[in-house]
Amino acid sequence: MVVLDKSEQFLKLRCADADRKAITRTKTENRLVRILLGVQKLCTQAGYSDSGFWGWSQVDKIRKFEQEVVVWEDGTVFERCRFCGQKFTLFNRQHHCRVCGLVVCGDLERECSLEVPCNMLAEKLNIPEVESVDSVYPLRMCTECRRVVFSARNFERDCRAPAPAVLRLHQQLKRNQREISALMPVFEAQLKGMDQQKSVKQKNGSQDASGSLAELKRTRHALLKLFSNYEKITRRVQGLHMDTHTEQVLKDHCVAEASQYMERAMAPLQNMNMPVAMQYNERRSRDRDEILKLQNQILVMEEQQFLLENQLMEAKSRRHLDEVVPLEQSLNELSAEITRYHDRLDMLEQLNENI
Amino acid sequence: MSGLLNEVTLSYVDRLVEDNGRAKVLLLDSDTTAILSLASTQSRLLRKDVFLIDKIDNYQRQKMRHLDCTVFVRPTSASISSVLEELHDPKYGKYSLVFSNLLRKSQLERMAEADDYSCVERVQEMLLDYLKINTDFFHCNVPIPWASSYQTWDTEAFETCSESMFAMIASLKIGKPQLRYDINSSLSRQFVQKLGQELQANSGILPSSNKKGQNLVLVLDRFNDPVTPLISHWTYQAMVDELLGIVNNRVDLHLAPDVPPSHREIVLSQDQDAFFKDSMFLNFGDLGAAVRDYVQHYSSKSKSSEQLETVADIKKFVDMLPDFRKLQDNTTKHVSLVGELSRLVSEEHLLEVSEVEQSLACSDNHSSDLQSIRKLIALPNLSPVIKYRVVCLYGLRFRTNSQFQFGQLMQALKIQYGDNALDSSVHTLMKIYSANKFPQEDLFSQGSLFNRAQLGLKGLRGVENVYTQHKPLLESILSLLVRNKLPIEKYPFTAPPNGEQELGCVLIFVIGGVTFEEARVVGEWNKLGNTPKVILGGTDVINPKKFLRVIEETNWS
Ligand SMILES: [Zn+2]
Ligand SMILES: [Zn+2]
Numbered sequence: 001m002v003v004l005d006k007s008e009q010f011l012k013l014r015c016a017d018a019d020r021k022a023i024t025r026t027k028t029e030n031r032l033v034r035i036l037l038g039v040q041k042l043c044t045q046a047g048y049s050d051s052g053f054w055g056w057s058q059v060d061k062i063r064k065f066e067q068e069v070v071v072w073e074d075g076t077v078f079e080r081c082r083f084c085g086q087k088f089t090l091f092n093r094q095h096h097c098r099v100c101g102l103v104v105c106g107d108l109e110r111e112c113s114l115e116v117p118c119n120m121l122a123e124k125l126n127i128p129e130v131e132s133v134d135s136v137y138p139l140r141m142c143t144e145c146r147r148v149v150f151s152a153r154n155f156e157r158d159c160r161a162p163a164p165a166v167l168r169l170h171q172q173l174k175r176n177q178r179e180i181s182a183l184m185p186v187f188e189a190q191l192k193g194m195d196q197q198k199s200v201k202q203k204n205g206s207q208d209a210s211g212s213l214a215e216l217k218r219t220r221h222a223l224l225k226l227f228s229n230y231e232k233i234t235r236r237v238q239g240l241h242m243d244t245h246t247e248q249v250l251k252d253h254c255v256a257e258a259s260q261y262m263e264r265a266m267a268p269l270q271n272m273n274m275p276v277a278m279q280y281n282e283r284r285s286r287d288r289d290e291i292l293k294l295q296n297q298i299l300v301m302e303e304q305q306f307l308l309e310n311q312l313m314e315a316k317s318r319r320h321l322d323e324v325v326p327l328e329q330s331l332n333e334l335s336a337e338i339t340r341y342h343d344r345l346d347m348l349e350q351l352n353e354n355i
Numbered sequence: 001m002s003g004l005l006n007e008v009t010l011s012y013v014d015r016l017v018e019d020n021g022r023a024k025v026l027l028l029d030s031d032t033t034a035i036l037s038l039a040s041t042q043s044r045l046l047r048k049d050v051f052l053i054d055k056i057d058n059y060q061r062q063k064m065r066h067l068d069c070t071v072f073v074r075p076t077s078a079s080i081s082s083v084l085e086e087l088h089d090p091k092y093g094k095y096s097l098v099f100s101n102l103l104r105k106s107q108l109e110r111m112a113e114a115d116d117y118s119c120v121e122r123v124q125e126m127l128l129d130y131l132k133i134n135t136d137f138f139h140c141n142v143p144i145p146w147a148s149s150y151q152t153w154d155t156e157a158f159e160t161c162s163e164s165m166f167a168m169i170a171s172l173k174i175g176k177p178q179l180r181y182d183i184n185s186s187l188s189r190q191f192v193q194k195l196g197q198e199l200q201a202n203s204g205i206l207p208s209s210n211k212k213g214q215n216l217v218l219v220l221d222r223f224n225d226p227v228t229p230l231i232s233h234w235t236y237q238a239m240v241d242e243l244l245g246i247v248n249n250r251v252d253l254h255l256a257p258d259v260p261p262s263h264r265e266i267v268l269s270q271d272q273d274a275f276f277k278d279s280m281f282l283n284f285g286d287l288g289a290a291v292r293d294y295v296q297h298y299s300s301k302s303k304s305s306e307q308l309e310t311v312a313d314i315k316k317f318v319d320m321l322p323d324f325r326k327l328q329d330n331t332t333k334h335v336s337l338v339g340e341l342s343r344l345v346s347e348e349h350l351l352e353v354s355e356v357e358q359s360l361a362c363s364d365n366h367s368s369d370l371q372s373i374r375k376l377i378a379l380p381n382l383s384p385v386i387k388y389r390v391v392c393l394y395g396l397r398f399r400t401n402s403q404f405q406f407g408q409l410m411q412a413l414k415i416q417y418g419d420n421a422l423d424s425s426v427h428t429l430m431k432i433y434s435a436n437k438f439p440q441e442d443l444f445s446q447g448s449l450f451n452r453a454q455l456g457l458k459g460l461r462g463v464e465n466v467y468t469q470h471k472p473l474l475e476s477i478l479s480l481l482v483r484n485k486l487p488i489e490k491y492p493f494t495a496p497p498n499g500e501q502e503l504g505c506v507l508i509f510v511i512g513g514v515t516f517e518e519a520r521v522v523g524e525w526n527k528l529g530n531t532p533k534v535i536l537g538g539t540d541v542i543n544p545k546k547f548l549r550v551i552e553e554t555n556w557s
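Protein chains in written order, with UniProt numbering: chain A, 1 to 355; chain B, 1 to 557.
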């Protein structure tokens, strides 16, 4: 395998370029700020800032000011729009971008240039200098100037916006996964410790090991809780409404991976020989032993129940009707069995408390 | 057998996508789509939270700036343009750019310049630039290597193949291997020269060899053995390709009757399908028995889970349900596939055809062969491609015979089918081999081309029968090569060989396309755990249909 990392070289090249671009961006931005402030001033002087109606003389004044900030390109030499290549005609007239002064078309579909109210531009710029600009006088900007000034802002805004629900839930799933993988080795170690303890104790005669047993119980309980939480989040993802096909695919794949993870992660739990650890203090308390056994069995059965539910869900979604009926039947039987075990467990626990 | 290419490609796939727990989109071009579909599975990518896969040149993609994006493309000018386009208006928040081969400096510069939003976080060259079919078999996805004659390379094909081979050599960690070529093939000579230059120029990034012994690249020319791609083969993988066509390890069964809808498109991959791994080189007779055993194995398992009476039964059933379902799925798949093969064998009269082909290839019975061919031509429902194929074999085999009836046979076909592409490709092939245009020293003297092919690796295969007499030339070349007896006069080195005699790893590359039959030769060699390890590649994978079509589509002057 050969993987060559070019990131550093790439970043260096980008850095070298970034300075040049930053200068262009600052220049363009400064021009826009100057124009916005100037136009605002002229509008305020004339006494109407947001009426949306400008007299000819006022417009003329503003135009003159705009051309003081940036020289307008001579339009007579251009036959076509520099961006879209459309020919200029009586109906497709030439326009000047107020920020760079270049000649462009005003085709509303192609958006080579657009008229945007000053107050909207100021709001998008979102810097203190132009906070006070409230004139709705429309300023024509070409696509390139808009890109230079606003696209990075838009990009950052998009990235900072709250993530969609499916991705937030996915992050929760991932957190949950990390907790499970942190706890799983602890559980395995405790289980192994129980086994070893058991063989030692058998040699030395029986002694109480309920401390480590309780620990094991707690860990197992915590694990089970994590799994059930994971499953709950998965169901929430499943229930999300998606607007587009792409989003739907994203969601489906997220759910698919989540259920595959459950299958993978629970496998060692199922293979573990719980009874060996659990039967250990059989002589000491038959009841307590049965409680543990019951708990263990319930644990296993609940895992199975979850798997079955998943299988059933999948079979239903794939419309494998031939599988749905037996799966449902199995699930019902299993649920009934679990209830029966729970009842017995409750009874035994009550008895033991009394002792 | 240690996973040769499987191991390599999997470790690439694991490196491709970062395991950072963030949801990702993966953007590919058509080259890398094929590369990746052969190297990985979707569930493997899902594990790394790749939830969307799309084409880099699909500009309709939805903007989702909270997603991370991994781009994996071949550094072609088209794909680089698409990357630039993407960076100009990034649809996602963060980018990893991974390229399947070395980037030019100017390409890196243009991308850095386009990254206005500083959204690129990682740029890597990952030398995974070949299509892995089996663990010891790959190709470059270049159907036509020739320009105007069989002696000149198409410029673009030349670049693609040498880049691809460079990537292969680098990822195999065989250092700077020795290069050998076929003295009769100028294509192979040009290719090793180019390869030598590339290896020299980029020796800094070639990992040193981790294998004992001398590593070797041997470049061959398809035109040195036109017989293998013209006759029917009877091993599983080769048959599926000839009769149904394998594209990126996928088989399209849409046209097959009696195939359940779930198996209209199936995947035949050595590393994902244990049954296929064991049976891919079985010949058709043994295959039937293997499938029957497989079905029995499945039904014995299914019986044990039929009675779900107690909770314990259910538990057991649920435990093995995923495996069980996989097994069921796979059994159905192979039953469907082998059933369809049997149907095609009888529909296409393949036993009769094969008998004639084998006789043409391996014995000297001009008059009886001629008679059999006439019979085949007269069969109304035999597909034209088979008829032309057989006549083509006849033409190559008996062109020096005084009773040569090639013209008549072709005329008979013309009456049936008129002017057509097959007709002209057969004539083109004949032209290449006539008038000593193809400078093979003894290729056609007394049918030595055919006799030579018989000196195969003896004992490599079990049961010989009338349908499997012919052995590809590659088999005898390999047999000589591994015993260090491949004549240097015919297959010279580009640089004088050093003292080391023992071969470590051998990379054989066939210009003009390589067949699954040849992949079988190499696969069986490796399966025995022999050294040297052999890896086989070609400009493309071909079968009889494809071979004739490619001949037709080349612009021979
Ligand atoms: Zn325009
Ligand atoms: Zn402008």
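Just so you know, these hints were derived from the structure itself, not from any lab. Mixed in with the good hints there might be a few duds.
As the list claims (entries may be wrong) - Derived lysine-lysine pairs resembling PhoX-like cross-links, with alpha carbons at most 25 angstroms apart:
1. B:Lys431 x B:Lys326
2. B:Lys546 x A:Lys12
3. A:Lys316 x B:Lys326
4. B:Lys48 x A:Lys232
5. A:Lys21 x A:Lys124
6. B:Lys326 x A:Lys21
7. B:Lys176 x B:Lys485
8. A:Lys12 x B:Lys105
9. A:Lys316 x A:Lys293
10. B:Lys63 x A:Lys124
11. B:Lys546 x A:Lys21
12. A:Lys174 x B:Lys63
13. B:Lys485 x A:Lys174
14. B:Lys176 x A:Lys174
15. A:Lys27 x A:Lys64
16. A:Lys124 x B:Lys91
What the hints assert, rightly or not - So the derived label-pair ranges between C-beta atoms look like this:
17. A:Arg340 x B:Asp14: 39 to 49 angstroms
18. A:Ala189 x B:Asn210: 57 to 67 angstroms
19. A:Val325 x B:Asn210: 53 to 63 angstroms
20. A:Asp243 x B:Thr155: 46 to 56 angstroms
21. B:Asn58 x A:Arg63: 43 to 53 angstroms
22. B:Asn58 x A:Lys192: 45 to 55 angstroms
23. A:Ala189 x B:Asp14: 24 to 34 angstroms
24. A:Leu183 x B:Asn210: 50 to 60 angstroms
Where is the CB? At the ideal position from N, CA and C, for every residue including glycine.
Going through the hints against the structure:
no. : hint                                    : result
1   : B:Lys431 x B:Lys326                     : violated, 51 angstroms
2   : B:Lys546 x A:Lys12                      : violated, 48 angstroms
3   : A:Lys316 x B:Lys326                     : holds, 18 angstroms
4   : B:Lys48 x A:Lys232                      : holds, 21 angstroms
5   : A:Lys21 x A:Lys124                      : holds, 20 angstroms
6   : B:Lys326 x A:Lys21                      : violated, 56 angstroms
7   : B:Lys176 x B:Lys485                     : holds, 22 angstroms
8   : A:Lys12 x B:Lys105                      : holds, 13 angstroms
9   : A:Lys316 x A:Lys293                     : violated, 34 angstroms
10  : B:Lys63 x A:Lys124                      : holds, 20 angstroms
11  : B:Lys546 x A:Lys21                      : violated, 52 angstroms
12  : A:Lys174 x B:Lys63                      : holds, 23 angstroms
13  : B:Lys485 x A:Lys174                     : violated, 59 angstroms
14  : B:Lys176 x A:Lys174                     : violated, 44 angstroms
15  : A:Lys27 x A:Lys64                       : holds, 21 angstroms
16  : A:Lys124 x B:Lys91                      : holds, 20 angstroms
17  : A:Arg340 x B:Asp14: 39 to 49 angstroms  : holds, 47 angstroms
18  : A:Ala189 x B:Asn210: 57 to 67 angstroms : violated, 37 angstroms
19  : A:Val325 x B:Asn210: 53 to 63 angstroms : holds, 56 angstroms
20  : A:Asp243 x B:Thr155: 46 to 56 angstroms : holds, 48 angstroms
21  : B:Asn58 x A:Arg63: 43 to 53 angstroms   : holds, 44 angstroms
22  : B:Asn58 x A:Lys192: 45 to 55 angstroms  : holds, 52 angstroms
23  : A:Ala189 x B:Asp14: 24 to 34 angstroms  : holds, 28 angstroms
24  : A:Leu183 x B:Asn210: 50 to 60 angstroms : violated, 39 angstroms
In this structure, the hints that do not hold are numbers 1, 2, 6, 9, 11, 13, 14, 18 and 24, in rising order.
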